[in-house]
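So the sequences go chain by chain: A and B.
Heads up, the first sequence is in our numbering, so the first residue is 3 and it goes up one at a time.
Heads up, the second sequence is in our numbering, so the first residue is 18 and it goes up one at a time.
Don't read these hints as lab results, they were simulated from the structure.
Heads up, a few of these hints could be off.
[As the list claims (entries may be wrong)] As a list, the in silico DSS-like pairs of lysine-lysine whose alpha-carbon atoms are at most 25 Å apart: (1) B/K145 with A/K217; (2) A/K118 with A/K56; (3) A/K186 with A/K96; (4) B/K145 with A/K170; (5) A/K98 with A/K61; (6) A/K217 with A/K170; (7) A/K27 with A/K41; (8) A/K56 with A/K96; (9) A/K27 with A/K56; (10) A/K96 with A/K75; (11) A/K27 with B/K145; (12) B/K103 with A/K217; (13) A/K61 with A/K27; (14) A/K118 with A/K100; (15) A/K217 with B/K58.
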Amino acid sequence: MDMPATGGGFADLVQDDRVHTALYKDPAIFDEEMDRIFKNTWVWVGHVSEVPQKGSFKKSWVGQQPVIVTRTKDDEIHVLLNRCRHRAATVCEKMKGKTSVFVCPYHGWSYGLDGKLRAVPHSSVYGEDLDKSQFPLVSLRTEQYNGMIFATFKDDIEPLEDFLGGAKKWIDLFMKQGAGYPVKVLGEHQFRFGGNWKIQLENTTDAYHFPIVHKTFLDSLDAETENVFDVLGQGGWVEDLGNGHSLMVMIPDLVDLEENLDAPIPERFAELAQELRDEGYEDLEVRRIVRAVGGGGFNLNLFPNVACSMAFFRVLRPVSVDETEIRHVAIGMDGGPEAGNRMRMRLHEHFQGPMGFGSPDDAEGWERVQRGAASGDDLWIMVNRGKEPLVDHPAGEAVTDVSAETGMRAAYQMWKRMMSA
Amino acid sequence: MSTLEQTREPKMTEPHDVIPLADACAFIWREAEMLDQQDYKAWLDLWTEKGIYVIPIERDETDYASALNIAYDDAGMRAARVKRLKSGFSMSSAPSARTVRTTSRFVVEPGEDGVTIVRCAQMLVEFKFERTRVVGADVVYRLVRTEGGIAMDGKVVTLLNSDEPLWGVGYLF
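Build the full structure now, drawing on both the sequences and the hints.
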């Protein structure tokens, strides 16, 4: 392993203000991460709206392990390993859908949506040697918070709500983007980049890069909207929320989408507002919907694999030490006006995904980090920006500058805790 | 009448409504060269004002406006996209991957209101950072006759892997 010669193991690779380059490129460290982190914490697998009905399912992952998220006829959500208990074939290769049973295509073993093994073809040959109750699809412990579904391999882990802790309040604020309707997934962009998963994890609370990397996105906005996206200049902040979670508020005015409803409607939403009025929505409701459609003003980064990022869920999946898959999940209003959801999708397409005005430049930047980390084996990644708390900031005594690397430090301290355990 | 004869029966459309295969091919190949050479300003001029450029995600989608797409560009978004790609400030497009594309398997059919529908296959090879990738796509063009020749009134590029993870794309399909 490519480690500094201090003899302290993984703990020595993370200091208060820097992390060692080996964290990006050592395959042995990656293997340990998959075991010590992704098999030992709550990992996001989906949103309830992705399994909307009894019999709905979607494929997902916990770390590198393929799983299926299901909703049973009893309306329970299960997370099952996507692996037949006979000879390991996947039992589901459809991204999402509805079914009453998963049938292994190899020898026809069939499983219910709760994972129970229902039928085995020609089972008489087993005689007494097959107790079907002993061979269900492996079911992971699963809990939800405000529509977000998490699963874990660690049966005795603390409850999800305890793990989320200070992040819960921000999840609740994030879900106000439903404008009073339940939040619904509208679709997702998927892309991979040639770099370690923690490079993306760092990025979600990195406001410092925004005006540089996303200059062409900012240039594509009208003047009024460009001011809204002046992320460094509005008194925002970054905060360590514990357990590796962190918060970056870039647009304080958009923290609570149910406030300031009497503010003038921005020009770019004038057409939508008129369409909603024409559909018969009351003025207050129009304002509420329009403000929600515009999205939130903060990124909430939940260790290790999901963020509530302004207007979408950002999900990472480690593929290998130098390959990571990203999903940018668009959300909207379940049962809300279609015009509002259409605009949400157009705004999402504008920045996100393989051909958005933002994501390709993020992906390129992250790949450049991985390429650069190929040299300087003994060098460190610096995350020392903005360590001092802000003085007299309205958000409290523990917050740091909006462009501080506080969120990265929080994540790496959690990494250190889990990798040293 | 046999099924074979039925399929051979010509459609009842006025001949002048449909752009001939050779003209359609020449237009599409010219467009392909523009895109490979990143002559994007000239590419903008190939469009009608109301034409939409779509890179869908779901392969069986028909109502693109009501779905999330990889790209859904009206004239304003196309112009903004070209400005971004040519600005020199987007690291994924300055430079972007190099591309070479071919189009073939053309099928020309009459559409409504004088529009000619051209369906074809596109094979694109891109190269950047020591990595070569091949992207196949089904492309559907809506072509119309204009005073200047032919214009695109719509282009839908359905990538073979549109519903699987892609990567940062700094050019146009």
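field: Structure versus earlier hints, numbers of those that do not hold, lowest first
entry: Hints 4, 6, 9, 13 contradicted; others consistent.
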